[in-house]
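Peer 1: Chains as they are written, first to last, in my numbering: chain V, 42 to 366; chain E, 110 to 368.
Bear in mind the hints are in silico, worked out from the structure with no lab data behind them.
Backbone N, C-alpha and C define an ideal beta-carbon position, used for all residues, glycine too.
Worth double-checking, as some hints may not be accurate.
In silico negatives: residues of chain E with every beta carbon more than 10 Å from chain V [what the hints assert, rightly or not]:
no.	residue
1	Ser140
2	Arg193
3	Arg271
4	Asp290
To give an idea of the chain E side of the interface with chain V (calculated C-beta under 7 Å), a few residues [to be verified]:
no.	residue
5	Thr126
6	Asn204
7	Lys340
8	Val342
Computed Cβ-Cβ distance ranges for the label pairs, DEER-style [said to hold, decoys possible]:
no.	chain 1	residue 1	chain 2	residue 2	range
9	V	Ala78	E	Val166	45 to 51 Å
10	E	Val165	V	Glu191	34 to 40 Å
11	E	Thr126	V	Arg258	53 to 59 Å
12	E	Arg170	V	Gly213	56 to 62 Å
13	V	Arg258	E	Glu247	33 to 39 Å
14	E	Arg170	V	Thr257	45 to 51 Å
15	V	Thr257	E	His315	30 to 36 Å
16	E	Ser229	V	Thr107	49 to 55 Å
17	E	Gly250	V	Pro156	32 to 38 Å
18	E	Lys227	V	Ile302	47 to 53 Å
19	V	Leu206	E	Lys249	55 to 61 Å
20	V	Gln242	E	Arg170	25 to 31 Å
21	E	Val165	V	Ala172	48 to 54 Å
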Amino acid sequence: MSRARPDTKTTSPLRSGSSTGAGDRVFRGLSRGAGIALLGIMAAIAAFLLIRGLSAIQGDSANFLTEQRWAPKDDPPTFGIAAIAFGTVLSSLIAMALAVPVAVGVALFISHYAPRRIAIPLGYVIDLLAAVPSVVYGLWGIRFLVPRLEPLHQWLGAHLGFIPLFEKSAAGSRTMLTAGVVLAIMILPIIAAVSREVFLQVPRDHEEAALALGATRWEMIRAAVLPFGRPGVISAAMLGLGRALGETVAVAMVLSPRNVISLHILNPEGNTIAANIANSFGEADDFARDALIASGLVLFVITLIVNASARLIVARRREFAGAAI
Amino acid sequence: MAKRIDVSGLAAYYGNTPALRDVNMSIEARSVTALIGPSGCGKSTFLRTLNRMHEVVPGARVEGKVMLDGENLYSPGIDPVFVRRAIGMVFQRPNPFPTMSIYDNVAAGLRLNGLAKKRSQLDDVVERSLRSANLWDEVKGRLRRPGAGLSGGQQQRLCIARAIAVEPQVLLMDEPCSALDPISTLAVEDLIAELKTRYTIVIVTHNMQQAARVSDVTGFFNVESHGEPGKLVEMGDTSKIFTKPDEKATEDYVTGRFG
């Protein structure tokens, strides 16, 4: 702190005395302490991941960044994050592509279309969905969704199979697509809930400006609500993406893992970092655990990159955002 | 393009609360009509019934007729969206779309109405509207900058440019200068005088000097007691309303004895 200390010899009434501002000082101390503690915890996690992870990477016989297999118990140990990092991003992208449009639609319906007596209970249900533990989604995914998505896999493979993404060359529906669907359902409530709050904040002035120009309801939403809500929706999507990237149990239960880089989302192949950790941790020895920690470090970095780019997107058009931020 | 308005038997409600009752009024084409009265007298509500903006508020409804050149705006087959395209509105607080550039703000109505055809035509309309709003010279070098970056007075003129870009038949103004400084107010008043050669203008104002300066006809709204619906007390030539009105209440109001 560079703040000048009040001279104790002067007794000007403008100088802060020791009797005033005790509450201010306590609050400042608490909030600064919380901020420092948060940074400290982040630094400790990063240091832990780095130290344990780097020692495992040094013992890797393959290139950690490009190797697809995960076999740290082999002799020599061979493991890399190429396949599982790819699968992490792919499953999250599928989830985002499915969840964001639906979530924005749900949020708009609650904020601007539904009558109040429907909107309020619907809002509660959405919030409730966000509170369901992921293991429940995983159970539901494997017991309910996997068999019921089988026909969809067949249909997509038969009709859109000429697109590499939808090529179906192996049976089964414990696939990246199914994992993406489960993730989408998991992240939908948080995106919808945050988006709804943002849409409700749109100033009445802006909406009336559009309506008075002869906008229909949808045109009003496009001209006034969506532009105002855009930074908030991006933030909401990033919250959802963060959850999807890190989701462990549900993906581990639904996906039939195979560590290869594959864009074939209808085949039971691919794996994610978090699911790989959950599946391998139990039978891992010390070295294999450190290898898993190294993969955790990569997940940490991916999440940081995602959040940083979200901030960049939001900041890029800040001057056009008005009071939106 | 400018059209006349005839209002008969108009009443407006918020839920079950009446805000206005039994308003009858004729507004000539190409004239400026000022609506004055104390707070809560229903003059803004009345203005918003003229382009069916009143019903945007949940639970709000209107009874009676508003005829625009003989066509009732409240007939069952009338789409309020089209009413609002024909009758432009400028609000109390300048409300340019904050995420849009100056250019896009002016073009917004044309784009909504599907009138925007070619780029060059759009450029022409934007320039003409900004010139009409006496804003062109101040913004021509920064049409791609955000509209929210302008001063309050400039933003209000931008909103006027946005409203007249679609060439409405009537222009409604709801206390357009109440958030502006005196110089911007003067600019907007000059603009009203220019625009009345082409548009029918109805302006709500709290400022009686302003009503006296800009309007041809003045209507005085009043409310007898709090919670009662407002009503139109008297309407006539502005010079008459401000010098020798028929009603005692009007005289008391314009001479500053209440309100």
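Peer 1: Hint by hint, note whether the structure agrees.
Peer 2: Evaluation of the provided hints:
Against chain V, the non-interface label of E:Ser140 holds: every CB pair exceeds 10 Å, the least being about 21 Å. With a least CB separation of 4 Å from chain V, E:Arg193 falls inside the 10 Å interface cut-off, contrary to its annotation. Not every Cβ of chain V is farther than 10 Å from the Cβ of E:Arg271; the closest lies at roughly 7 Å, contradicting the non-interface assignment. Every Cβ of chain V is farther than 10 Å from the Cβ of E:Asp290; the closest lies at roughly 19 Å, confirming the non-interface assignment.
Below 7 Å, beta-carbon pairs count as interface contacts, and E:Thr126 has none with chain V, the closest being about 18 Å; its hint is therefore violated. For E:Asn204, the shortest C-beta to C-beta distance to chain V is roughly 4 Å, which falls under 7 Å, so the interface hint holds. Here the hint on E:Lys340 is broken, as its CB sits about 25 Å from the closest CB of chain V, past 7 Å. Because the beta carbon of E:Val342 sits about 27 Å from the nearest beta carbon in chain V, more than 7 Å, this interface hint is broken.
For V:Ala78 paired with E:Val166, a C-beta distance near 48 Å keeps the hint of 45 to 51 Å intact. Checked against the given bound of 34 to 40 Å, the beta carbons of E:Val165 and V:Glu191, roughly 49 Å apart, lie outside it. Between E:Thr126 and V:Arg258 the Cβ separation comes to about 25 Å, which falls outside the hinted range of 53 to 59 Å. Separation of E:Arg170 from V:Gly213 is about 59 Å and conforms to the stated range, judged on CB atoms against 56 to 62 Å.
About 34 Å separates the C-beta atoms of V:Arg258 and E:Glu247, a value consistent with the hinted range of 33 to 39 Å. A hinted range of 45 to 51 Å is violated for the C-beta pair E:Arg170 and V:Thr257, which are about 20 Å apart. Judged by the Cβ atoms, the range 30 to 36 Å given for V:Thr257 and E:His315 holds: they are separated by roughly 33 Å. A hinted range of 49 to 55 Å holds for the C-beta pair E:Ser229 and V:Thr107, which are about 54 Å apart.
The hinted range of 32 to 38 Å is not satisfied by E:Gly250 and V:Pro156, whose Cβ atoms lie roughly 48 Å apart. The supplied range of 47 to 53 Å is met by E:Lys227 and V:Ile302, whose beta-carbon atoms lie about 48 Å from each other. Take V:Leu206 and E:Lys249: their Cβ atoms lie about 49 Å apart, and the range 55 to 61 Å is violated. Between V:Gln242 and E:Arg170 the Cβ separation comes to about 27 Å, which falls inside the hinted range of 25 to 31 Å.
The beta-carbon spacing between E:Val165 and V:Ala172, approximately 35 Å, falls outside the hinted interval of 48 to 54 Å.
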